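Chemist: Sequence:
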Amino acid sequence: MAGILVNNILPQPPILRSVSSSRRPSIRTLVMVKASSEPSESVSVSTKTSDDTGAVVFTAPPGFKPPEPKRFAVKSGKLFDVLGAAIGLFFRFGTGVFVSGYSASFVSKEEIPADQYALRLGGITVKETAKVGLRPEKPIGIYEFEGCPFCRKVREMVAVLDLDILYYPCPRGSPNFRPKVKQMGGKQQFPYMVDPNTGVSMYESDGIIKYLSEKYGDGTVPLSLSLGALTAITAGFAMIGRMGKGNLYTPAKLPPKPLEFWAYEGSPFCKLVREVLVELELPHIQRSCARGSPKRQELLEKAGHFQVPYLEDPNTGVAMFESAEIVEYLKQTYAA
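Residue numbers (full-length UniProt numbering): 1 to 336.
Simulated from the structure, these hints should not be mistaken for laboratory data.
Heads up, a few of these hints could be off.
Under the rule of at most 25 Å between Cα atoms (straight-line distance), these lysine-lysine pairs were calculated in the DSS-like manner [unchecked claim]: (1) Lys295 to Lys70; (2) Lys70 to Lys127; (3) Lys138 to Lys245; (4) Lys257 to Lys302; (5) Lys253 to Lys182.
Note that the coordinates shown come from a computational prediction; the quantities given were computed from them, not determined experimentally.
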């Protein structure tokens, strides 16, 4: 059974920390973490010292230059990582790769202009379409972590529905969002969803999947997400290739704004990046763009090229492709 809490105003308590040194007078540092559905202020970090000179500033690593995107390329030494991340596609029957109502047809290359997204392989052009439902006005917030099979189920449904989600990573040992879930819902259980568009918040993966399907889809839940215990078991098996990744917190600096991450659940390259986003507890808006998503055209227009994962960091101004390089960028920029 899904537990549902309906609130007119979602609780957003600040997290207070005191920092002291034995060598000098105590200085209090106030770190406010605000959960909100607005992308520009969904996580605000305010650091104030006693003389009000403190500031949180993030910059790209010295000499950093975004890499050129390389289609279908795997960086040397990363092949087994990619293969391990891809195992989940087999156990989950490809769930999370296609948007609901997906269809594809072969067309002539002249039928689709060069500035329009299409799957082009050699001389073959494939036109892809899908059916998307009501779009939420504000991003739905989900508290979860990569290594949880129940969380994976919800992420697969998000890809099917082509929803943009504000993810608050909650790896074990993390100091910010994991405790916040207990403050808001009364227990530390994942996934936990907060929908600012309706005031609904709830635990239980099956309940969240049903809610999202009815509110933002046509009410249909894919068979692969409707098999009860078997769904959970296969979701667990899907993590065998990356066992332990995306589970434990790595000390990191919390950015003032959530990162924007163009990705979808079925991509092994995207999974490798999400593991690090979660381990560093970096809140991020995931722009879901599974096969058939109209957001593939949006990314093509924005970046001049479609490829995922694609990261936009409003805290540093960096925008980049290539999973292995994104992972290194995140570690260099945010790891404590």
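Chemist: Does each hint hold? Answer for all of them.
Modeler: Hints, one by one, checked against the model:
no.	hint	result
1	Lys295 to Lys70	holds (20 Å)
2	Lys70 to Lys127	holds (22 Å)
3	Lys138 to Lys245	violated (30 Å)
4	Lys257 to Lys302	holds (20 Å)
5	Lys253 to Lys182	holds (22 Å)
In summary, the one numbered hint that this structure violates is 3.
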